[in-house]
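J.: Residues per chain are reported as follows:
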Amino acid sequence: MRQTFAIGIGGAAGQGVATPGDIFAKIFSRRGLHLNAYNAYQSIIRGGHTFLTIRAGPEKVTNMGDCIDLLIPLNQDSMNRHLALLSTGAACIYNADTIKPGATGDGVQLCPLPVSKLADITRNKVAQNTLAIGAGLNMMGISFQALENALTEQFKKKGEAVVTENVGIARAGYDHAASKFKPFAWPLPMTENRYAVLSGNIAMAMGGAAAGVKFYCAYPMSPSTGVLHWMAAHARKAGIMVRQVEDEIGVVNMAIGAAHAGVRAMCATSGGGFALMSEGLGMSAMMETPVVVIDCQRAGPSTGVPTKTEQGDLWQMLGAAFGDYPRVIASPLDIGDCFKIIPEMFNLVDRFQCPGMVLCDLLLSEGRLSVDPKDLGFTPVIDRGELITTANGTPSSPATSGDYRRYEITESGISPRAIPGVPGHVHTAATDEHDEDGVLISDEFTNTVKRRAMMEKRMRKVTGIEAAIPPPALWGPRNADVTLIGWGSTSGVIEEACEILSEQGISANQLQIRWLVPLHGEAIVEILKGARHTIIVENNYSGQFARYLRSESSYVPNGYIRKYDGEPFMPHHIVEAVKEQLTGKTTLSVPAHEIMV
Amino acid sequence: MATTPTSTPVPKTNRIGLSIAEYKGGKTTLCAGCGHNAISERIIDAMYEMGVSPERVIKPSGIGCSSKAPAYFMSRSHSFNAVHGRMPSVATGAMLANRNLIALGVSGDGDTASIGIGQFVHLMRRNLPIIYIIEDNGVYGLTKGQFSATADLGSKLKTGVINDLPPIDTCVLAIQLGATFVGRSFSGDKRQLHSMLKAAVAHNGTVMLDIVSPCVTFNDHEGSTKSYKYMKDHEEPLQDINFVPVFEEINVEYDPGTTVEVTMHDGSRLRLRKLEEDYDATDKILAVKRLAEGHAKGEVLTGVFYVNTQAPNFIEMLNMTDNPLTTLPESVVRPGREVLEQVMEELR
Chain A
1 MRQTFAIGIG
11 GAAGQGVATP
21 GDIFAKIFSR
31 RGLHLNAYNA
41 YQSIIRGGHT
51 FLTIRAGPEK
61 VTNMGDCIDL
71 LIPLNQDSMN
81 RHLALLSTGA
91 ACIYNADTIK
101 PGATGDGVQL
111 CPLPVSKLAD
121 ITRNKVAQNT
131 LAIGAGLNMM
141 GISFQALENA
151 LTEQFKKKGE
161 AVVTENVGIA
171 RAGYDHAASK
181 FKPFAWPLPM
191 TENRYAVLSG
201 NIAMAMGGAA
211 AGVKFYCAYP
221 MSPSTGVLHW
231 MAAHARKAGI
241 MVRQVEDEIG
251 VVNMAIGAAH
261 AGVRAMCATS
271 GGGFALMSEG
281 LGMSAMMETP
291 VVVIDCQRAG
301 PSTGVPTKTE
311 QGDLWQMLGA
321 AFGDYPRVIA
331 SPLDIGDCFK
341 IIPEMFNLVD
351 RFQCPGMVLC
361 DLLLSEGRLS
371 VDPKDLGFTP
381 VIDRGELITT
391 ANGTPSSPAT
401 SGDYRRYEIT
411 ESGISPRAIP
421 GVPGHVHTAA
431 TDEHDEDGVL
441 ISDEFTNTVK
451 RRAMMEKRMR
461 KVTGIEAAIP
471 PPALWGPRNA
481 DVTLIGWGST
491 SGVIEEACEI
501 LSEQGISANQ
511 LQIRWLVPLH
521 GEAIVEILKG
531 ARHTIIVENN
541 YSGQFARYLR
551 SESSYVPNGY
561 IRKYDGEPFM
571 PHHIVEAVKE
581 QLTGKTTLSV
591 PAHEIMV
Chain B
598 MATTPTSTPV
608 PKTNRIGLSI
618 AEYKGGKTTL
628 CAGCGHNAIS
638 ERIIDAMYEM
648 GVSPERVIKP
658 SGIGCSSKAP
668 AYFMSRSHSF
678 NAVHGRMPSV
688 ATGAMLANRN
698 LIALGVSGDG
708 DTASIGIGQF
718 VHLMRRNLPI
728 IYIIEDNGVY
738 GLTKGQFSAT
748 ADLGSKLKTG
758 VINDLPPIDT
768 CVLAIQLGAT
778 FVGRSFSGDK
788 RQLHSMLKAA
798 VAHNGTVMLD
808 IVSPCVTFND
818 HEGSTKSYKY
828 MKDHEEPLQD
838 INFVPVFEEI
848 NVEYDPGTTV
858 EVTMHDGSRL
868 RLRKLEEDYD
878 ATDKILAVKR
888 LAEGHAKGEV
898 LTGVFYVNTQ
908 APNFIEMLNM
918 TDNPLTTLPE
928 SVVRPGREVL
938 EQVMEELR
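As they're listed, the protein sequences go chains A and B.
Quick note on numbering: the first sequence equals residues 1 to 597 in this note's numbering.
Quick note on numbering: the second sequence equals residues 598 to 945 in this note's numbering.
Each hint should be verified, as a subset may be incorrect.
As the list claims (entries may be wrong) - Chain A side only, calculated, beta carbon under 7 Å to chain B, not exhaustive:
# : residue
1 : N193
2 : L198
3 : A258
4 : G262
5 : V556
To be verified - Restraint-style ranges between C-beta atoms, simulated for each label pair:
#  : chain 1 : residue 1 : chain 2 : residue 2 : range
6  : B       : I714      : A       : D324      : 30 to 38 Å
7  : B       : A629      : A       : A468      : 46 to 54 Å
8  : A       : I45       : B       : G715      : 23 to 31 Å
9  : A       : K237      : B       : T855      : 52 to 60 Å
10 : B       : P926      : A       : G505      : 41 to 49 Å
11 : A       : D375      : B       : P926      : 25 to 33 Å
12 : A       : P477      : B       : G715      : 49 to 57 Å
Stated by the list, open to error - Below, simulated DSS-like cross-link-like pairs (lysine-lysine); rule was C-alpha separation at most 30 Å, straight line:
#  : chain 1 : residue 1 : chain 2 : residue 2
13 : A       : K125      : A       : K157
14 : A       : K450      : B       : K621
15 : B       : K624      : A       : K457
16 : A       : K450      : B       : K741
Read the hints as simulated data drawn from the structure, not as lab findings.
Backbone N, C-alpha and C fix where the C-beta goes; we use that ideal spot for every residue, glycine too.
Using the sequences and the hints given, assemble the complete structure.
T.: Below, the structure is given as structure tokens:
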């Protein structure tokens, strides 16, 4: 089993959960540790309950894991919710002045901090947080210097006095733990690596910049807003035109307008905003103007649970906008992949002149992961496809479009795309069905032969897209007892569940789907043909991917594991469900989320 | 056999050497007598006379009879038929990506004031360089004559249905929200519309023109307030409009007592001879007030209601690069490795 260490920090919104989280994350990543952070929060500015999990270790940490080693409850409510879930070896650091512990399991260490004795709480309202960080790091066997550096960076903007005060408080907590609390059995190691800590939203925004996006617009919507924030903060530096627009209808149309004029354009939203964009996606398809839309899924339907994760928008994407048209849908497998998938998607949509949709979710968008920047590739290949931006070597007379036909019928279905303003390439781009030269065949000139030819031309691009994306591959041992099938963000947690199952004597392998449309259905069936027991794992109620796979390939798995309570899977949810299903007790497991967040 | 030299008459050309034929469009498929066709003719004349390079013009439009019109003028310009009511954002995106384009947007009263009102009001706020024309007939033609949101209270459909809601005055909205050249005209008022369109070409910022354009099939009867007859009886021009482009010599003096002269961004002069003594088209508050009074009196005011040649347009305001984004070479199209590395360093 991978050696990891997880910290849970709980409190009300506004109590300062984020700052200790940032400090721990910084210290871990600088020790060369991998980390994964997930914040379970609520749609409230002040109050409620927020629970941040940071899990670190020397090997890749792909998910929040199953247990908390160190609990830091910042209020009584957090203590009440989480203490009972701690197991042997874990510890809980809390403010003894204001919080009373409840019953604990065997081998759980309670670490009360006499906060008012250790710090001047009239001066520093978040002294308990800083004391707890100090105490916790001491118990993990991390030098105080690391904390001092992190605090100095954190507070340097507020001036020397604030830095000194916080370092002093942290020191008091650190020293108090040294004399009163038992250190953790596993001191956190150190490696030579240095990682950056990215959220999926930052990764997708940077992926866009690396892909050469010149236009980004959005309407703020959780959990996609982080992409807009990064874009707005780096617009000048990265040379990107960034606009906040009145609504998602405006967003998608503005992005298409910019894309039509010739730049790479991107926008991000969540399910509700995506619903408003579907009309525009049809326009992108009909005009053959490439655009990339990111959907950071949250729990629906409707306003749903804005701060909770789900993989519930697949069928909305499959059916977005009416009529048949080629589209590309892909789902990133982790936060690093959030970066890489964007340039890949742009190359595809530029080549095939169609809309591309990235199906992310809150878990990746707002989660954080240590990533080695070297693995990302800041200068991915930019393939703009058959794009005409100058009149060089093309029709001589600017007065007519000469031989240029914007929607020329070709074998590949791809017609060279001239941007507006190129002499000799004047054309009409229309949402109405049109002829090869762009002239509308929707009103006076409807024509069954031409309509059929244009439909077939556009749809022929699907074959090309299929050939351009790789089929999925099976990870893990070939002849496994169980094959777990997932898509997108469940990649990491399924991987860890497979490892745990193997340790328990059940060999397991994994098939994770990244490219959803087009789907390599035949390749998937071929891979699964020899599988002994297959289970599809997904974060929604109806098994959206299972239904899609069945419709595309007639493949029916042996069982299903689904979760739709707003929280992501933890490895044990999958492990236990697999064991339950292998005994033949059920074919559908819906694990309960034990943590009340 | 002796050959007789034949001289083909050299067609008249404009200042960029193009003949008027090169500003024409396809044959109209709209009804004979449709006001929209007259507007297309005026656009052709104005663009020809102003010597606008057709290749630089994009003609974004929405959906409806009005939005089909761009096919019937300027075939050498680029058309973009968007979806219903969404032309404002499409045009904004295109203009931000390529600031060298000249946007001539054509919409209708349904496309603008009903399904597209959300987009319209936000476009007006931006002062994007665009000429936004509403071909306004008060009804939906393509779906066979239902009322639109600019139809007047109490006006009557052919079927006898009476409109029970007040109209949206797109000019009032445009003035209040930030458009910098706002006027109303009538497709049948050839002279006024012609001058207004030429001035529109010279303006730097959003030009919003609501052009009443009767629908001969569904809204040209007794009881309609958007019919040819009604307009002829009720049109109240605020000014006599005269436009002198920058490239033409001024050979007629004007009387400052009766005429307001507005110098446009490019140096052209817009001369508004007051038909109403106190009207001043540079006074925003007065413009809104006068339009409200007109509604109360049942007048159809036309003319340039408001003009502001000083406000920066959207692209100037955003402080964008001089080179259009769309023509940036691949070497600068994305931030350099060092920029991304620096950003990444902040995340360590």
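J.: With 7 Å as the cut and Cβ atoms as the points, is A/A258 at the interface with chain B?
T.: holds, 4 Å
J.: Holds or violated: the hint that A/V556 contacts chain B, with Cβ atoms closer than 7 Å.
T.: Since chain B brings no Cβ nearer than about 39 Å to A/V556, farther than 7 Å, the hint is violated.
J.: If I claimed the Cβ atoms of A/P477 and B/G715 lie 49 to 57 Å apart, would that claim hold in this structure?
T.: The hint (49 to 57 Å, Cβ to Cβ) holds, given that A/P477 and B/G715 are roughly 56 Å apart.
J.: CA of A/K125 to CA of A/K157, is that 30 Å or under?
T.: holds, 18 Å
J.: Could you tell me whether the CB distance from B/I714 to A/D324 stays inside 30 to 38 Å?
T.: For A/D324 against B/I714, whose Cβ atoms are near 31 Å apart, the range 30 to 38 Å holds.
J.: Taking the Cβ atom of A/K237 and the Cβ atom of B/T855, is their distance within the range 52 to 60 Å?
T.: holds, 55 Å
J.: Given the hint of 25 to 33 Å, check if A/D375 and B/P926 actually sit that far apart at their C-beta atoms.
T.: holds, 28 Å
J.: Measuring from beta carbon to beta carbon, are A/I45 and B/G715 in 23 to 31 Å?
T.: For A/I45 and B/G715 the Cβ distance comes to about 27 Å; the hint holds.
J.: With a cut-off of 30 Å on the C-alpha distance, tell me whether A/K450 and B/K741 pass.
T.: Holds: A/K450 and B/K741 sit about 27 Å apart, inside 30 Å.
J.: Could you check if A/G262 really has its C-beta closer than 7 Å to a C-beta on chain B?
T.: holds, 3 Å
J.: CA of A/K450 to CA of B/K621, is that 30 Å or under?
T.: This hinted pair holds, its Cα atoms lying about 26 Å apart.
J.: Per the CB criterion, is A/N193 less than 7 Å away from chain B?
T.: violated, 11 Å
Checked against the numbered hints given earlier, this structure breaks hints 1, 5, 10; the rest are met.
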